[in-house]
Amino acid sequence: MDDDLKSTTRRAFLRGSAAAVAGTAAGAAAAGPDPLITELQDWASATGEGVDATPYGLPIEFEGDVIRRNVPWLTADPISSINFTPIHALDGTITPQGCAFERHHSGAIELRKDDYRLMINGLVDTPLVFSYADLERFPRENHVYFCECAANTGMEWAGAQLNGVQFTHGMIHNMEYTGVPLSTLLAEAGLDTAGDLADKWVYVEGADASSNGRSIPMEKALDDCLVAFKANGEALRKEHGYPVRLVVPGWEGNMWVKWMRRIEVMDGPVESREETSKYTDVLENGVARKWTWVMDAKSVITSPSPQSPITHGPGPMIISGLAWSGHGQITRVDVSKDGGMTWETARLGKQGDSKALTRFYLDTEWNGEDMLLQARAMDETGYVQPTKAQLREVRGENSIYHNNCIQTWYVNAQGIAENVEVS
Amino acid sequence: MSKSLNSIFIPALGGVALLLGAAYGLSSRDYGRDQIDMLQDRVAQVEGQAATARSEAEAEAAKSAELAAAGSDLEARVAELEAAVASARSSGGSMTQGAPQPDTKTGLGRTALPEEIAAWDVDVRPGGIGLPEGRGDAYTGEEVFAENCAICHGDFAEGVDNWPVLAGGFDTLADKDPVKTVGSYWPYLSTVWDYVNRSMPFGAAQTLEPDDVYAITAYILYSNDLVDDDFELSHENFAEFEMYNKDGFIVDDRAETEYPIWRTEPCMENCKDSVEITMHASVLDVTPEEEGADQGAAMPEATHDDAAAEPTSEEPAAETAVAALDPELVAKGEKVFKKCSACHQVGDSAKNKTGPALNGIIGQTFGSVDGFKYSKVFRAAAEEGRVWDAAEMAEFLTKPKAYMKGTRMSFAGLKKPADIDAVTAYLQSFGG
Numbered sequence: 001m002d003d004d005l006k007s008t009t010r011r012a013f014l015r016g017s018a019a020a021v022a023g024t025a026a027g028a029a030a031a032g033p034d035p036l037i038t039e040l041q042d043w044a045s046a047t048g049e050g051v052d053a054t055p056y057g058l059p060i061e062f063e064g065d066v067i068r069r070n071v072p073w074l075t076a077d078p079i080s081s082i083n084f085t086p087i088h089a090l091d092g093t094i095t096p097q098g099c100a101f102e103r104h105h106s107g108a109i110e111l112r113k114d115d116y117r118l119m120i121n122g123l124v125d126t127p128l129v130f131s132y133a134d135l136e137r138f139p140r141e142n143h144v145y146f147c148e149c150a151a152n153t154g155m156e157w158a159g160a161q162l163n164g165v166q167f168t169h170g171m172i173h174n175m176e177y178t179g180v181p182l183s184t185l186l187a188e189a190g191l192d193t194a195g196d197l198a199d200k201w202v203y204v205e206g207a208d209a210s211s212n213g214r215s216i217p218m219e220k221a222l223d224d225c226l227v228a229f230k231a232n233g234e235a236l237r238k239e240h241g242y243p244v245r246l247v248v249p250g251w252e253g254n255m256w257v258k259w260m261r262r263i264e265v266m267d268g269p270v271e272s273r274e275e276t277s278k279y280t281d282v283l284e285n286g287v288a289r290k291w292t293w294v295m296d297a298k299s300v301i302t303s304p305s306p307q308s309p310i311t312h313g314p315g316p317m318i319i320s321g322l323a324w325s326g327h328g329q330i331t332r333v334d335v336s337k338d339g340g341m342t343w344e345t346a347r348l349g350k351q352g353d354s355k356a357l358t359r360f361y362l363d364t365e366w367n368g369e370d371m372l373l374q375a376r377a378m379d380e381t382g383y384v385q386p387t388k389a390q391l392r393e394v395r396g397e398n399s400i401y402h403n404n405c406i407q408t409w410y411v412n413a414q415g416i417a418e419n420v421e422v423s
Numbered sequence: 424m425s426k427s428l429n430s431i432f433i434p435a436l437g438g439v440a441l442l443l444g445a446a447y448g449l450s451s452r453d454y455g456r457d458q459i460d461m462l463q464d465r466v467a468q469v470e471g472q473a474a475t476a477r478s479e480a481e482a483e484a485a486k487s488a489e490l491a492a493a494g495s496d497l498e499a500r501v502a503e504l505e506a507a508v509a510s511a512r513s514s515g516g517s518m519t520q521g522a523p524q525p526d527t528k529t530g531l532g533r534t535a536l537p538e539e540i541a542a543w544d545v546d547v548r549p550g551g552i553g554l555p556e557g558r559g560d561a562y563t564g565e566e567v568f569a570e571n572c573a574i575c576h577g578d579f580a581e582g583v584d585n586w587p588v589l590a591g592g593f594d595t596l597a598d599k600d601p602v603k604t605v606g607s608y609w610p611y612l613s614t615v616w617d618y619v620n621r622s623m624p625f626g627a628a629q630t631l632e633p634d635d636v637y638a639i640t641a642y643i644l645y646s647n648d649l650v651d652d653d654f655e656l657s658h659e660n661f662a663e664f665e666m667y668n669k670d671g672f673i674v675d676d677r678a679e680t681e682y683p684i685w686r687t688e689p690c691m692e693n694c695k696d697s698v699e700i701t702m703h704a705s706v707l708d709v710t711p712e713e714e715g716a717d718q719g720a721a722m723p724e725a726t727h728d729d730a731a732a733e734p735t736s737e738e739p740a741a742e743t744a745v746a747a748l749d750p751e752l753v754a755k756g757e758k759v760f761k762k763c764s765a766c767h768q769v770g771d772s773a774k775n776k777t778g779p780a781l782n783g784i785i786g787q788t789f790g791s792v793d794g795f796k797y798s799k800v801f802r803a804a805a806e807e808g809r810v811w812d813a814a815e816m817a818e819f820l821t822k823p824k825a826y827m828k829g830t831r832m833s834f835a836g837l838k839k840p841a842d843i844d845a846v847t848a849y850l851q852s853f854g855g
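One line per chain: the protein sequences are A and B, in this order.
FYI, the working numbering numbers position 148 of the first sequence as 148, with every residue one higher than the one before it.
Just add 423 to the spot in the second sequence (first one is 1) and you have the working numbering.
Derived from the structure by calculation, the hints contain no laboratory data.
Bear in mind that the values here come from a model prediction, so they are computed numbers and not experimental data.
Do not take every clue at face value.
Here are some chain A residues pointing at chain B (derived, C-beta under 7 Å) [unchecked claim]: (1) E141; (2) V144; (3) A235; (4) T276; (5) V282; (6) A288; (7) R289; (8) T342; (9) V422.
The beta-carbon is built from N, C-alpha and C at its ideal position, and this holds for glycine as well.
Model the full structure from these sequences, guided by the hints.
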């Protein structure tokens, strides 16, 4: 790709869309008959592709820009790195697996079902090894859950940095998982040996070269963790841990160990690298919080947003976005068009599932003027999503993780949106 | 009407059957046929919706049966039934159940053997729980580190380019940009041993011997000025060692410090007097350009093909070379290249990383990529004017360290000649 081509990117696109806005007066009458209607089009005459042209279908080429993207300067190498879900271009709540963000610590491995083993050991009555086929013989459940990286929005602590909701909020996906409750497998191994479960932990570990491992308190392990092998009805993708990953509802994505190979019952946490060096949150005074597992309530407007500008003139418009909480259901989302001076309550697309994405809409009119768009989520515990200033007051600016602040998009009269911070 | 009733009177649907039983009771008293039919339809609907809400239906139907027995008036009974049906329908989710916990063991899986547990259960915890026996000193560790780790983490664990820094940064945690290293931040020594043992070196994890891991751990402490170079670490003295930042952590306190403040009725109007923009993301301009955007057909995979199809015009020879490449071999080479991509990039936006960018490498002078700091042996080869061809590449990639003695490329080599041919073809597809 040469430089000329490269510059036909978002910026050029934004210029283009600005022109489009200028040219579209709301409700304008057609200048003349539309050739798309009056002339015979190829597709209305010649035939299209037969069945089986694509045995496993991909999105049509016109949707070629709805893809995961990465921010190269964030990490040394794409093998231990992260990319972002194109949430600006999606609607509803379910994230298609093919564009759901990836985070690897040593690359995405290819592990056959036949080569898969899951070991349970430690303080159990009988240490066990399961094959993939064994897992499919336990009673299983279906649940929709969001998976959010604790670092989502982490680049925004010190100020507005990345100009796109994909980059500021795209370390999240939401899928329907099929799997066996972790509690079922633990019961199969037997927990009598463990004695009092109140102070016990399970340590879960992946089969890849990073050997990513996290300690989970027994209470959570027995509550709603799922040993999942399907997502959105089909096998997990390799980048999401095929053939088996752990689902830890409402808790940070790093704990959702992919390619999970081992579960150890323990009398204390391992204090692994991912729960000491990483995924701990430094406060203003240099002391760090650890074990900050749950993802607090958060929301963001996905459209309009920098990658999804308004391309029509004044008149009817939909403000849409996503809300979620690791504490349970989203009960309400408010939207502000003036940077938080006044708020209107948005409509929830449907009653949100617990610990899953909820879609919200504000069906409104755009008067063609500037807006400072914000969304604010509330969850079933009464928690109200804080502003960045509120978060900074408690935590300072160095936490990296768990930034669930209210996001502001500045939308100008041309409909172009930009990531900004407001007073 | 009894036909459709019979078809629903199946024992598995006890609750619905009961409900119907009540309806049947009503019909036999010659209650309005329409109403019965309607009820029947509704009951069938309830059943149709995956036999939902069995228990509600059961309870409600039992109640109306009671009512019927008490001889209260038919209208009331129908109302009762209707309410039951409505509630059964509206709570359609109530048949959803968690997967049953088997109350006896299923017997699935098999007992894990001690050797298997020993192979996988290698985590090491605070206090050194789980450590194998062994020892190593910082002095030895320096060599092992130089050999296996320095290429990314630097000779003094200071971190090369964007790779993690492992040393220094003391007392910066409250600064604007804290430097979090093993020395300045990590609370437990066990985490160092455990992580190096299981996850490093990047690209060849789980290949170090215990003594090497002790030595490297001792060296990382030394590079942090926490011990002297004759310090020896072993399973015996491990538990005694206390890290600099061991008291630097508190357990999640959001439930005390945040939730009470933010669980309030939110403001809806006149929430502030004015609003000003205090910062624009576009000022920083660190947002990546969007490849794939607006080119309609340009899916991400397309980029490699583009590169192959448009060789740089100054090198007309490249065109023929590219044209002659076997696409299958190139595709195979792309897979092999994954082994190299921790350190090397190719393609349009390839940059020097741990290793030099490899565009156009075949036909190019050794050690001549702009802006890359080569080792002595590569600088010497560049002066001699040695040029990469397929044969040189094959020898180099078989055993990099033997072929270029003293090279900084810490890569063991490719064992299979077929892999070497493939990766060479892949490299050629990027010019050269």
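Taking the hints in turn, this is what the structure says about them:
no., hint, verdict
1, E141, "holds (5 Å)"
2, V144, "violated (13 Å)"
3, A235, "violated (19 Å)"
4, T276, "holds (5 Å)"
5, V282, "holds (6 Å)"
6, A288, "holds (5 Å)"
7, R289, "holds (5 Å)"
8, T342, "holds (5 Å)"
9, V422, "holds (5 Å)"
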